[in-house]
Every structure is written in structure tokens, then in C-alpha cells.
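There are 2 protein chains.
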Amino acid sequence: MPRSVRRVLLGAPIATARSEHEKVGALGGLTIFAADAMSSVAYGPEEVVLVLALAGTAGLNYALPICIALGVLIWIVATSYRQTVVEYPSGGGAYVVARENLSPLASHIAGGALLTDYVLTVSVSVSAGIAAITSAWPALYDYRVDIAVACVVMIALVNLRGVRESAAAFALPVYGFVACAFLVIIVGLYRMWTGSITPSEQTQAAQGLVPLQGVGLFLILRAFSSGCASLTGLEAVANGVQAFREPRGVRAASVMVLMATVLSATVLGVGLLIHGLHIAPIPEITVLSQIGEKVFGRGFMYFLLQIETMLILVFAANTSFSDFPRLSAFMARDGYMPRQMANLGDRLVYQNGIVVLSALACVLIIIFKGEVSSLIPLYAVGVFTAFTISQTGMVIHWVRKQGPHWHHKVAVNGLGAVATGVVLIVIAVTKFALGAWIVCLLIPMLVLAFRAIGRHYSHVAARLSLENAKEVAPIKNLNLLLVGGMHRGTLQALEYARALGGPVRAVHVETGGEELPRIRRMWTDWETDIRLEILPAPFRNVTEPLVDYIQQVKAEEGFDVVTVILPEFVVDNWWQSLLHNHSALWLQFLLSRIPGVAVLNMRYKL
Amino acid sequence: MPRSVRRVLLGAPIATARSEHEKVGALGGLTIFAADAMSSVAYGPEEVVLVLALAGTAGLNYALPICIALGVLIWIVATSYRQTVVEYPSGGGAYVVARENLSPLASHIAGGALLTDYVLTVSVSVSAGIAAITSAWPALYDYRVDIAVACVVMIALVNLRGVRESAAAFALPVYGFVACAFLVIIVGLYRMWTGSITPSEQTQAAQGLVPLQGVGLFLILRAFSSGCASLTGLEAVANGVQAFREPRGVRAASVMVLMATVLSATVLGVGLLIHGLHIAPIPEITVLSQIGEKVFGRGFMYFLLQIETMLILVFAANTSFSDFPRLSAFMARDGYMPRQMANLGDRLVYQNGIVVLSALACVLIIIFKGEVSSLIPLYAVGVFTAFTISQTGMVIHWVRKQGPHWHHKVAVNGLGAVATGVVLIVIAVTKFALGAWIVCLLIPMLVLAFRAIGRHYSHVAARLSLENAKEVAPIKNLNLLLVGGMHRGTLQALEYARALGGPVRAVHVETGGEELPRIRRMWTDWETDIRLEILPAPFRNVTEPLVDYIQQVKAEEGFDVVTVILPEFVVDNWWQSLLHNHSALWLQFLLSRIPGVAVLNMRYKL
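Chains A and B, in that order, are what the protein sequence lines are.
Mapped onto numbering that gives the first Met the number 0, the consecutive letters of the first sequence carry residue numbers 0 to 605.
Mapped onto numbering that gives the first Met the number 0, the consecutive letters of the second sequence carry residue numbers 0 to 605.
There's no promise every hint is true.
[Unchecked claim] Lysine to any residue pairs mimicking SDA-like chemistry, simulated, CA-CA at most 20 Å apart: (1) Lys-22(A) with Phe-538(B); (2) Lys-604(B) with Ser-591(A); (3) Lys-469(B) with Ser-591(A); (4) Lys-604(A) with Phe-588(B); (5) Lys-553(A) with Glu-494(B); (6) Lys-469(B) with Pro-594(A); (7) Lys-553(A) with Pro-473(A); (8) Lys-604(A) with Asn-467(B); (9) Lys-604(B) with Leu-257(A); (10) Lys-469(B) with Lys-475(A); (11) Lys-469(B) with Tyr-456(A); (12) Lys-475(A) with Gln-491(B); (13) Lys-604(A) with Glu-466(B); (14) Lys-475(B) with Tyr-603(A); (15) Lys-475(A) with Glu-494(B); (16) Lys-604(A) with Val-459(B); (17) Lys-604(B) with Tyr-456(A); (18) Lys-22(B) with Val-85(B); (19) Lys-469(A) with Met-521(B); (20) Lys-469(A) with Val-85(B); (21) Lys-469(B) with Trp-525(A); (22) Lys-553(B) with Tyr-603(A).
[What the hints assert, rightly or not] Okay, the calculated beta carbon distance ranges per label pair: (23) Pro-502(B) with Leu-8(A): 39 to 47 Å; (24) Val-428(A) with Val-570(B): 41 to 49 Å; (25) Leu-139(A) with Thr-56(B): 49 to 57 Å; (26) Lys-469(B) with Ala-460(A): 52 to 60 Å; (27) Arg-592(B) with Asp-559(A): 28 to 36 Å; (28) Pro-282(B) with Ser-373(A): 38 to 46 Å; (29) Lys-368(B) with Val-362(A): 29 to 37 Å; (30) Trp-574(B) with Phe-588(A): 13 to 21 Å; (31) Arg-592(A) with Lys-469(B): 33 to 41 Å; (32) Ala-11(B) with Leu-8(A): 49 to 57 Å; (33) Glu-532(A) with Lys-368(B): 51 to 59 Å; (34) Asp-559(A) with Leu-531(B): 47 to 55 Å; (35) Ser-3(A) with Leu-171(B): 55 to 63 Å.
[Said to hold, decoys possible] Stretch-level coverage of chain A by chain B, calculated; a stretch enters the list once three of its residues show a Cβ under 8 Å from a Cβ in chain B: (36) 292–299; (37) 468–476; (38) 586–595.
Treat the hints as calculated values from the structure; they're not laboratory data.
Being a predicted model, the structure only gives us computed values, none of them experimental.
Cβ atoms here follow ideal geometry from the backbone N, Cα and C, with glycine treated the same way.
All chains, full assembly: derive it from the sequences and hints.
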């Protein structure tokens, strides 16, 4: 029954041999990896405006310059990463680059930073997507947390089915959103140029904004930091090169360039519209919703824009569903994450990673009540840490490897490293008190955990290694059959115990029923070879006398292992099983904790 | 750790041999069994008044006659039961009397009725106890469900510690309440007689009650039915004769008489006060609270009465905690309830019964939001069913047994049977639509369940019986060692498998790692006797190829049983165990469902 539910939800198992077929081309890759980067347009500029508005209309004048700065930064990072994907076609995420070129510690920091940010990407994207919808239909605002959690579960299910099907499912929202965004920018700029729209009353009302503070450098930097959320997702391609068809590096690099072009153009366009239309924040209405309403009016195109925004954002979370499990599996194979994260499920996906990611994201959404602005301060610290480490690693890589044009390559990655490093410091400082401290605390804790896990696995590997191993001395084993009473099942169990071959003894633990004389009598009637020991249990607890007896046998008769045979009666259906003691299960649990005891579960049906 | 928590909460285990010491004398028995009967004074008369008030002040005039009728009924039932306890000193509950003298069906009806009523006793008593407190401190009214559930859990814990300690714990509330109740009646009647209290303004206001209906026979009978809740608990002694020290019957009979005397006197006294003081229902204030306030004023004695009422009611639930587990154990030993209900725990109590009872009672409290008036219609149907069956059974008993004075004994039990039978019909008819239908539906369902369980156990017993059993043919067994990889643990497992004695084979399921050539090579290095089979698993699922192989081996090589040896690596602590696959556990679960497969769990530590 659970298996057939699983089949319907996730599809039939896929054979290991088919794994190459599940890879994507450049267009498929764009679909999967672009959603995250593209979608951040929906909240990046918005957060810039929200921060600047603290200084009133004077602050809002800085929105356009910040958007231009963001556009430039996007190009720097993308150019820098282009070199990485070509050089690391088997996956060149910050973790791998740091591991190859810097130190294990740097790779652990990068890994922890990225994993943190992947979880945040899911929470932020889904929350922002729901915000797009509640801007258009405010009645849904109160249900935002429930809707968001349902979305996360839905994305998890799609991903548990496998990667190829994701690309197909996610094509419409990604390209639809890009088309809508370009349309709103082009139409908006054209109408502004022709003068057919001007700042309306609503916005003029917003211009009466009370400045809570003056326009200072810190405020501008904080606004810029918030806007940096737009850059999250750029690194996704580098981490996921593995998902491309050959030649992976070339396909990934072209996706990188395409993404950067579209993304920076969109950020700039939105910046121009915010500037030209004098957009100011309105509670519970997103900036993109305001722009759409101004440009298109509250008609079909406006609602289409909102729905597309929601779709791309909700589906943007999908990028993390490709990357989080993949990075976890990388790290698990290196021995720094629980090994289960590297298990390929029967649909050829890292199902444990998908489940862990969705659970963590749902927790964040619930804790922060699905509010994007509460989540944003935690965001981007991780990704800029990873950017900086990764680009620094690339600089070291070129210096060591040299080869053609290496000076030029060092310069490109060096610029990337410096730029992202500076931005990282700016983000950490300006958003520390607002929530970035959580991430600044979490990443070192994750690093400690990775190292503890790594130590454990190498310790176990060393202990298990066959190098210098000696032959194991022969083991002396006693088979001990636990007899509850005398019945046909006992006869079967005795015959089975005999069939095992080694020495056999039977024990009955006397818990105070009136069975004892009957058992003794019937034993002599039915069994001659095997001796029956009676163990008194004054406290009606089977385990203690049994364990005492086992210890005694091992000490006095020199057995290394005692194999306890627990016969269990199999009933026909679930309700009948409620009518029988499950003492075998409980005994097995307790006995398995005792060294030198093996437990044999023998089920008989009559 | 869980064991030490258990010790602190429940105490150290008690040896079976000590069981006689846990019995109680007459006074201890009164404490344990009287609480239920006595405490019903707190809600019985109240429910009479609530129903009568539907007909306004005219209706309230019938309160005293109904209380007199209840007092008479108490005496009839008690006299009738006195004969039962003497005749059945090993426990003469309705279930046993019906089993011995009527038919199995009658005993099942009695059993189901009593079990239902025991659960209701806990819910009603605890809810009424909390109502006494919220009458005095209305601020607690909103927390009544939480407080009630906490009380049930507390009583369950006390009972899980054992019966003797309960008698000690429950002495103060029982005798304290009886003293308070007698005091309020004596002082109240004296002050009424001397004219120092008269119906006050509050009550005169209540006299302006709007009659919703006229005083009809149905209403009076319904009020009487509700009042019959006062009789619940009378049967407790008969069920629990076993808990008394020898001579059980005599001690139990004197407790019966004592209880009936005190109970009927209290009901009559409260009836007189209701009549004399013109008490009418006030929302969220109990009748006993109104009487107390009138007699003593809102001073120390009033609050003491409320607290004592609460204590006896909450502790009255304890009667059911003695009886429900005991009756369940009776029925389990007869094979009509799951056998686990008859397990004596390490504190010499039927712990499963205690746990089941408290869980059901909490569910009822939560469903009915801790409102006594909502629970009352479900109540008393069960207990009067049991009364009627039990007294009818006694009539048959005397007719069959005869002996000295048997005509007189038949008359006493016959009167009891007729009286309780008539009341049962009255209760079922007048309260059917208000909730009694639930119980009228539940009891037959329980009876069906008892019979199904009985059939299952006799079927199993017949199949397991050694009568006409033949010798079991010798079994051919193959030991199959599951090898995950080549390491020191595998060497130990191989040596262990060899020590078992029978034929051994090793299998490795190939799930697509790059381990295969390494395993083959190392196998030939380390092992010569035992053959290694490699099973391909294209869907990365270990179970299916393994099961196929087992079926094949059984079919082709004629093995009756395949014992699968699952080696499992033991780690040092819980977090390390998270870092290892628990595939052994899951495999064991799946394999144990396959006929002819035994699972051997072998844990190794390095």
C-alpha cells in the first residue's frame, strides 16, 4: 500500500544505467538554474526601496544608483564564475574549488555557507512568491504560511520524481516571467518617455513619507546589502555542472552568460522604473506589483505578471532542490556529512537531501511567518562567503596551474574575489544586528559538525581497515532457544534450532503463571536431546534473568557468542497482532544492546 | 535513563511473592471503593435540579421526592449486592456472576457495560471535581480541560505505583469530604430549623425562572435518571473483593453496608437542603457550592468544602483505576480481551489497563470539553445494565443452589433485579436522544469485539495444541551472510557464521558503487571456504534481489529455511548512529515478512 502510493506520487524506479539520460542541455539547464537568479528581481529591488524609505523621499533617490551597482556586480561575478565552470566540468561549486585549491577548512566554510543559503533560498523565494499573490488578492494574506508550506511540499515531490521532469515542469514559469518582466520594463520605459504615465496620487501620497533617519553611508550600504539578494542563484550553475550533458563546461558557461545578461538588464530596468515612477513602499503590496499596476493598469497583464512572479519564485526554490542534495552528496562522499545523504534513491535523486531541505525550509517559513523582510537579513551572507572563497580559490588555481593567458584569468577571478569579499563585509556589518548574526553563528557550528563527522568516519574506516588485520580466531557459539510454553510452535522452533547445527540449549523464564509443571512434563514427553533450563523471574521481567544466564554461560562455559533464538507467532492480520504480546520485539531491542549476543528472529505460522 | 525516570515515578519493582501484602482491610477498602459512590453526591442531586429547572419553580418542588426515591434505591441495590460479595469472595462483579449463572453473552454485555461506565466515571468525576474548583475560583474556568487531563495523568501515576499506596494517598480526601458533607447538612438543617437562614435574594431571583415546559411524568423520570448517577460506584466493591484481605467476603459486605448508609444519608440531606433553601441552577456555579455558600457564608468552611469536593471527585476516579484494569484482566484471562491486559507489571498492577483507561478518559474529557452535563446522559446506562444482569444472575444462582434461607435470598436479589431493570429502561428511554444512544451502540460493538477476540484465541490455541501433534520433520537450513563490503567486521561475521555450524554462503548486493572489483579481490585474499555470490541491483534496492535469490535457493536446492545474517556495526553513542545507514533494521523488517526466512541480527563492535 505505501509502495503503491509512492509509485503514484514519485513514479516507477529508474535503473542506474539510465542515469546519463537524465542530464540536461543548455536550454534545460537555463530553465533549472536560472529560476533562482532571475526570480530575485522580485524581491531584491524591493528590499532596496524598503531600506531607503527609512530616510524618506531623499533616500529613495539612491535606488537607481544602487541598481546600477548591482548590475555591475552581477557582471563581475558571472564573468569570474564563467572561468570556474569551464575549468571544473564535474561540478565547480565553492566547496570543490576550495577543497582543491585552498584548505579543508575553507571548503567546510564554503559548504556550510552554501547549504545555509540554499535553505534560505527556498524560504525566501516561496515567501516572496506568496507575497506576489497576496498583493493581488489580499484576502489570501492570512493563509500565507499554509500556502507556502504546501508549495514547498509540492516542489519536493516534483524533485523526488527526478531532474529531467523538473526541467519540463519549470520551463513555462521561467520563460513566462522573463517575458512578462521585459514587457513591463519596455512598456513602462516607453510610456514614461512618451509621458503617458506619471507618478500618480497614490505615489504622491507616499512621497509624504516621514523620514525616520537621514541619508547616511550606512543606510545606503544597508540598502545595497539587501539588494545583493538579487545575486543569489548565480553560483547555482557552477555547483550543478554535473547535471549538464557533455560538453558540460561549455554548456554551463553559456548558461552563465545568458543568465547574467538577462538578470542585470532586468535589475537595471526595474531600477529605472522605480526611479521614474517614484515608487515608495506600501505595506502588504510588493514593489513589482506597484510597477505592474502603474504600467498595465489593474487588468489582465497585471494579474499575469503577479501570477508569473509567484510561479517563478515558487519554482525558483527548485534550484536549491537541485543543489542542496547534490552538495550534501558531495560532502557525504568526502565523509563530512552523514553517508545517507549520498544515497541515490530509486528515482536517481538524492532523496534524503530533498527531504531534509524541504523540512528545514518549512521550519524557517513557519518561524518567520512567511515574511520576506524578516528573512532577508539572514540571506546573502552565505552566498557571498561562498563567492569570495570560490574566487580566491580560482586565483590560487591559476597561479599554480599557469597555462595560456593565466595572468588575464587571475585578474578576472581576482576582481571577482575582491568585489565579493568587500560586499561580504558590507553585508555582514550592516545586517549583523538584524539577523545576519544567526548565520554568522550557524556557519562555524556547521563547520565544527562537518569536522566531527569527518573524524568519526576516518576513525571507523581505520578501525575497519583490513590493512594489518589478522585472521579472526574461531568463535565458540551457543544457540539458546527461548521457550514461552509448550505448543506446536515450540516443536518447530526446536527442529529449527537443531537444523542450525551448533550446540543448542533451551530456556524458559518462569514469570509466575501456573504453567511450570505442565511445561516440565511435556518437555520430557517431546524432547530428549535438548536440555531445558528454568530461570525464575521474581519481578516478572524476562530480560534480567535471561541476561544473567547468558553472562554466566559465557563466563563458565567459555562461549564467545550466545545466539538467542526468539520464536514469534505470525498472525493473519493487523488486529490479530494486537492480541499477542510483542515481547519478542522488545527483547530483541534489549538483547541486541548486550555485547556478545546475537538475536535470531524466527517467525512461524501454523 | 528511561528506567531511572520510571523508578522515580513508579518506584522499584515488587516481587510476585509479595502480592498478598498488597491487599487491604475493611477500612482501606472503604477508602478505595467509597470515593466513587460518595463523590457522586456532588453531581447527582445537581443534575436532578438542572433537569427540573426546565419546568421552572414548579419543577423544583420534585427535587426532594426524587432524592428520597434515590435513597431507597441505594438501599435496595446495596442489600442485593451484599449477598453477592459474600457468595463470590474471589470477585463477584456482574461479569463473573453472569458468566457463572447466565450465559457468555450476558457476561459480555455486563463486561462491556461496566468497562464503558468505568471510563465515564473517570471523565465525569474529574470534570465535576474541576467544576467544584471553578465555582469557587471562576478564573480557572477556561483551563478546566487542561487541569482535568493533568489530574487523570496524576491518578494514573499513583495507581501505577500499586494498590496499597493508593489507599494511603486517598484516605484524607474521602474522610475529609464525608466530614464536610455531614457538617454542611447538619449545620444547614439546624440553621433552617432555627430560622437563621432563609432563601436569599439570589435564590429569589432564580425563582423568577422561566418554565420552558410543564411538569410532566417524562421530565420527572428524566430528572430521576440523571440523579441515578449517584448510584454509580456501588458495584465497585463487588468487582474488587479480590483486593481485600481474608476473610474477603465479610470485609467487603461490611464496606457495602457502610457505604450505602453514608451515601443514602447524604443524598437525603442534600435533598432536604435543596428543598428548604429553594436552590435553583446558576450557570458555572454548582449546587453544592450554592448550598455551602448559604450555610457557611463565603468563608473558610466554604472553600474547604469546595476543595474537599474537588479532591474526593478527582480521587473518586481512582475507583475505576482499581476496577477497570481488574475487570480487563479477568476478561483477558478468559480470552475475551487482549492478553496484555492480564500482564502484572513490575509494581504488581495491571499497568496496561491503567494506561488504556486514562487515555480513553482523557479523550472523553477533551471531546466533551470537561462539561459534566454533557457527559451525564452517557453515564449510568452501563452501570444499571450491569446491576440488572448481576442481580438476575444471583436469582438464578440461588434457585440452582438453594441451601438455607434461599427463598429469602431470591426475594432480595429479585427485588434488586426488578428495581434496577425498571430504572435501566427509564434511563435508556429518557436520555436516549441526549447521548445514551452512544452507549447503547457502543456496548453491542464491544460485545462483538469480545467474541471476535475469543474466537481468535481459541482458534490459535487449537492450532498450537500438542494433542494429536506429530513429530516435526527435520528442517534443512542455509545460513546466508549479507556482506556490505570487505572490512574487519566482515571477517568477524564470517567467523561467526562458520561457528553457527550449518552450511554457510555469503551474498553481496551490487548497488552501483565502485566497490565490486575490490570486494572480489579481497574476498579471494581472505576467505577460501565460503562462496560469495554477487547479486546485481539495477534499481539500487537491496531487498528485491536478495528475496529473489532466497526464493531461488529454496526452490532449487531444497532448503526449508534460509537464515539471513545481518551484521551491524555498533557505534559509541547516539549521534554517531545517525551517521550510519540503518539498512539492517529496515531489511530485517522486510525479510521477516517472508515465509521461511529467519533473520539473525549480529552486532559487532571493534
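Verification of the hints:
In summary, the hint linking Lys-22(A) to Phe-538(B) is supported, as the alpha carbons are separated by about 18 Å, within the 20 Å threshold. Between Lys-604(B) and Ser-591(A), the direct Cα distance comes to roughly 12 Å. Compliance with the 20 Å bound is thereby established for this hinted pair. For the given pair, Lys-469(B) sits about 34 Å from Ser-591(A) by alpha-carbon distance, which is inconsistent with the 20 Å threshold. Between Lys-604(A) and Phe-588(B) the alpha-carbon distance is near 17 Å, which keeps this suggested pair within the 20 Å criterion.
For the given pair, Lys-553(A) sits about 18 Å from Glu-494(B) by alpha-carbon distance, which is consistent with the 20 Å threshold. For a cut-off of 20 Å, the pair hint linking Lys-469(B) to Pro-594(A) is broken: about 38 Å separates their Cα positions. Annotation: proposed proximity of Lys-553(A) to Pro-473(A) holds, straight-line Cα distance about 15 Å (limit 20 Å). Between Lys-604(A) and Asn-467(B) the CA atoms are separated by roughly 18 Å; this keeps the pair inside 20 Å, and the hint holds.
At roughly 55 Å between alpha-carbon atoms, Lys-604(B) and Leu-257(A) are farther apart than 20 Å, so this suggested pair is violated. Taken as a hint, the Lys-469(B) and Lys-475(A) pair is broken in the structure, with Cα atoms around 33 Å apart against an allowance of 20 Å. A hinted pair counts as satisfied when its Cα atoms are at most 20 Å apart, and Lys-469(B) with Tyr-456(A) does not qualify at roughly 54 Å. Restraint check for Lys-475(A) and Gln-491(B): the C-alpha separation of about 12 Å stays at or below 20 Å, so the hint holds.
For the hint pairing Lys-604(A) with Glu-466(B), the CA-to-CA distance comes to about 18 Å; that is within 20 Å, so the pair holds. About 15 Å separates the Cα atoms of Lys-475(B) and Tyr-603(A), which keeps this hinted pair within 20 Å; it holds. Distance check on the hinted pair: Lys-475(A) and Glu-494(B) sit about 10 Å apart at the alpha-carbon level, within 20 Å; holds. The hinted pair formed by Lys-604(A) and Val-459(B) meets the criterion: a straight-line CA distance of about 10 Å does not exceed 20 Å.
For the hint linking Lys-604(B) to Tyr-456(A), the alpha-carbon distance of about 15 Å falls within 20 Å, and the restraint holds. Distance restraint check for Lys-22(B) and Val-85(B): the Cα-Cα separation of roughly 17 Å lies within the 20 Å cut-off, and the hinted pair is therefore satisfied. With a C-alpha separation of about 14 Å, the suggested pairing of Lys-469(A) with Met-521(B) holds against the 20 Å cut-off. Restraint check: the Cα-Cα separation between Lys-469(A) and Val-85(B) comes to about 76 Å, which exceeds 20 Å; the hinted pair is violated.
Distance restraint check for Lys-469(B) and Trp-525(A): the Cα-Cα separation of roughly 10 Å lies within the 20 Å cut-off, and the hinted pair is therefore satisfied. For the hint pairing Lys-553(B) with Tyr-603(A), the CA-to-CA distance comes to about 17 Å; that is within 20 Å, so the pair holds. For Pro-502(B) paired with Leu-8(A), a C-beta distance near 43 Å keeps the hint of 39 to 47 Å intact. Checking the proposed 41 to 49 Å range against Val-428(A) and Val-570(B) shows it holds: the Cβ atoms sit about 42 Å from each other.
Remark: the range hint 49 to 57 Å for Leu-139(A) to Thr-56(B) is upheld by a beta-carbon distance near 55 Å. A beta carbon spacing of about 54 Å between Lys-469(B) and Ala-460(A) agrees with the range 52 to 60 Å that was offered as a hint. The hint said 28 to 36 Å for the Cβ distance between Arg-592(B) and Asp-559(A), and at roughly 31 Å that hint holds. In this structure the supplied range 38 to 46 Å holds for Pro-282(B) paired with Ser-373(A), their Cβ-Cβ distance being about 45 Å.
Between Lys-368(B) and Val-362(A) the C-beta distance comes to about 32 Å, which sits within the given range of 29 to 37 Å. One distance hint, 13 to 21 Å for the beta-carbon pair Trp-574(B) and Phe-588(A), holds here, with the actual separation near 19 Å. Between Arg-592(A) and Lys-469(B) the beta carbon distance is about 39 Å. The supplied range of 33 to 41 Å therefore holds. A hinted range of 49 to 57 Å for the beta carbons of Ala-11(B) and Leu-8(A) is consistent with their spacing of about 50 Å.
Between Glu-532(A) and Lys-368(B) the beta carbons are some 56 Å apart, a value that agrees with the proposed interval 51 to 59 Å. For the pair Asp-559(A) and Leu-531(B), the beta carbons lie near 24 Å from each other, so the given range of 47 to 55 Å is not met. Roughly 60 Å separates the CB atoms of Ser-3(A) and Leu-171(B), a value that falls within the hinted 55 to 63 Å. Given as covered by chain B, the stretch 292–299 of chain A fails the check, having 0 residues with a CB less than 8 Å from a CB of that chain where 3 are the minimum.
Counting residues of the stretch 468–476 of chain A whose beta carbon lies closer than 8 Å to any beta carbon of chain B gives 8, which meets the minimum of three for the stated coverage. With 3 residues bearing a CB less than 8 Å from a CB of chain B, the stretch 586–595 of chain A meets the requirement of three and the coverage assertion stands.
Checked against the numbered hints above, the structure breaks hints 3, 6, 9, 10, 11, 20, 34 and 36 and satisfies the rest.
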